[in-house]
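Novice: In the order they appear, the protein sequences are chains A and B. The first sequence: position 218 = 218 (the working numbering), numbered continuously. The second sequence: position 104 = 104 (the working numbering), numbered continuously.
Everything labelled a hint here was simulated from the structure, so no lab data went into it. A few of these clues could be false.
Under the rule of at most 25 Å between Cα atoms (straight-line distance), these lysine-lysine pairs were calculated in the PhoX-like manner [to be verified]:
{"id": "1", "chain 1": "B", "residue 1": "K57", "chain 2": "B", "residue 2": "K13"}
{"id": "2", "chain 1": "B", "residue 1": "K13", "chain 2": "B", "residue 2": "K110"}
{"id": "3", "chain 1": "B", "residue 1": "K13", "chain 2": "A", "residue 2": "K147"}
{"id": "4", "chain 1": "A", "residue 1": "K233", "chain 2": "A", "residue 2": "K252"}
{"id": "5", "chain 1": "A", "residue 1": "K2", "chain 2": "A", "residue 2": "K147"}
{"id": "6", "chain 1": "B", "residue 1": "K38", "chain 2": "B", "residue 2": "K13"}
{"id": "7", "chain 1": "A", "residue 1": "K63", "chain 2": "B", "residue 2": "K13"}
{"id": "8", "chain 1": "A", "residue 1": "K8", "chain 2": "B", "residue 2": "K8"}
So these bits of chain B aren't anywhere near chain A, every CB distance computed over 10 Å [unchecked claim]:
{"id": "9", "residue": "K13"}
{"id": "10", "residue": "P41"}
{"id": "11", "residue": "I106"}
Please read all numbers here as calculations on a predicted model, not as lab measurements. We treat Cβ as the ideally placed atom computed from N, Cα and C, and that holds for glycine.
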Amino acid sequence: MKQVAAAKIRRAEMARRQARPYADTLAEMLRDLMQAVSHVDHPFMKPGKEGTPAGVILMTADKGLAGAFNSNVIRAAETYARDGGDVRYYTVGTKARNAVRRWGMADRPAWPLGTAAKLDTARAVAQMVTDDFTQGTISGITLISSKMISMMSQKPESRKLVPIALDPSFDSAAHDAGARGAVEFSPSPEFVLSRLLPKYLEFTIYSAMLETDAAFFAAQLVAMSNATDNASKLIDELTIAMNNARQAAITKELLEIVAGAEALGVE
Amino acid sequence: MANVIPFKLITPKQVVFEGDAELVIAVTTEGEEGILPKHAPFLAALKPGVLRANVVKDGAASRLELATSEGFMQALPDRVTVLIDEALRFEDVDVAKTREELAAAIDRQKAEGGDPAAFAREQSVVDFANAKLRLTGSH
Chain A
1 MKQVAAAKIR RAEMARRQAR PYADTLAEML RDLMQAVSHV DHPFMKPGKE GTPAGVILMT
61 ADKGLAGAFN SNVIRAAETY ARDGGDVRYY TVGTKARNAV RRWGMADRPA WPLGTAAKLD
121 TARAVAQMVT DDFTQGTISG ITLISSKMIS MMSQKPESRK LVPIALDPSF DSAAHDAGAR
181 GAVEFSPSPE FVLSRLLPKY LEFTIYSAML ETDAAFFAAQ LVAMSNATDN ASKLIDELTI
241 AMNNARQAAI TKELLEIVAG AEALGVE
Chain B
1 MANVIPFKLI TPKQVVFEGD AELVIAVTTE GEEGILPKHA PFLAALKPGV LRANVVKDGA
61 ASRLELATSE GFMQALPDRV TVLIDEALRF EDVDVAKTRE ELAAAIDRQK AEGGDPAAFA
121 REQSVVDFAN AKLRLTGSH
């Protein structure tokens, strides 16, 4: 189990690394655009309809045997729901689906995490939340998933995806971009942005899926390595107990024989 | 050395091409757009189509032709980058399967009955399928 996780983590990490250049370029394009667009008329930039439930994409692994990996994420969602009121779930990963069913919401859309076509899954998720958001069924889109801090540590993280809050780094980055001179957009910055934002949402979900995948195998590796250690320790303790018991039995038998022989007066 | 510019073609799954290009022609939403070295900074949305480029890799010039789905093209003074959902080479296209996809998408389009968003979505599938067929010469 430990070896299996170790082999899989390498593949998951590779997939993450290969998605990196796309992420960087997409972020860069978005920065250029934000700088060029003075007024953005896109649903993603506007607050959602008030009084509707918050949309939450809950993302876990499909399987367990990874310590508290899945339950940490699920607990984060519970905390979020307690603070935020009404929540409408979209789940990725079997464990997330089961948790949401346990809470009595059996009919929520669910996708598995561990498929070969992660990109298609991400697209389907993005499509559904986008439709629900633009039709005013949900007031926003939040993603609750695992963040991989290191091989040893994963932490649940909730990120607000929509409405898009521009992080302050965009401003400082805009100055760097300014040095490149005016960028020409075809057909218009607004149009390109309206194409780019859904793509950005889609890709954020995709890369969260890759991260969850990698984090899951890392958590499983640690959990399984702990299990192996604990089992070896238990085996050692039991071996000593068994040897003690056997030695005690032998000693007792010898004493009985010696005592019996003495009683019979055998020299 | 010919007049070239660093060119990268990236999908979420991998970097499809990284090298130099003399010319990159992509299908933007406004029509085909060719990028030569020293193009003014430029950012365009791409629609599904056949992307062509004269590329130079490891000193050898060749022609790159790919069927691409939706994406973006960015030209900067020092590089050209194309971000695309999917990019297929000639040998990666499954003609029979593509024909099925094309027929299915057209059927769905007819069945949708006038929802513009759904129509546009299927149109992108149709365009990509057509691009794949055009690339393989079986259009």
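Novice: None of the hints should be skipped; say for each whether it holds.
Specialist: Verification of the supplied hints:
no., hint, in the structure
1, K57/B to K13/B, "holds, 21 Å"
2, K13/B to K110/B, "violated, 32 Å"
3, K13/B to K147/A, "holds, 20 Å"
4, K233/A to K252/A, "violated, 29 Å"
5, K2/A to K147/A, "holds, 21 Å"
6, K38/B to K13/B, "violated, 29 Å"
7, K63/A to K13/B, "holds, 24 Å"
8, K8/A to K8/B, "violated, 29 Å"
9, K13, "violated, 6 Å"
10, P41, "violated, 4 Å"
11, I106, "holds, 20 Å"
Checked against the numbered hints given earlier, the structure breaks hints 2, 4, 6, 8, 9, 10 and satisfies all the rest.
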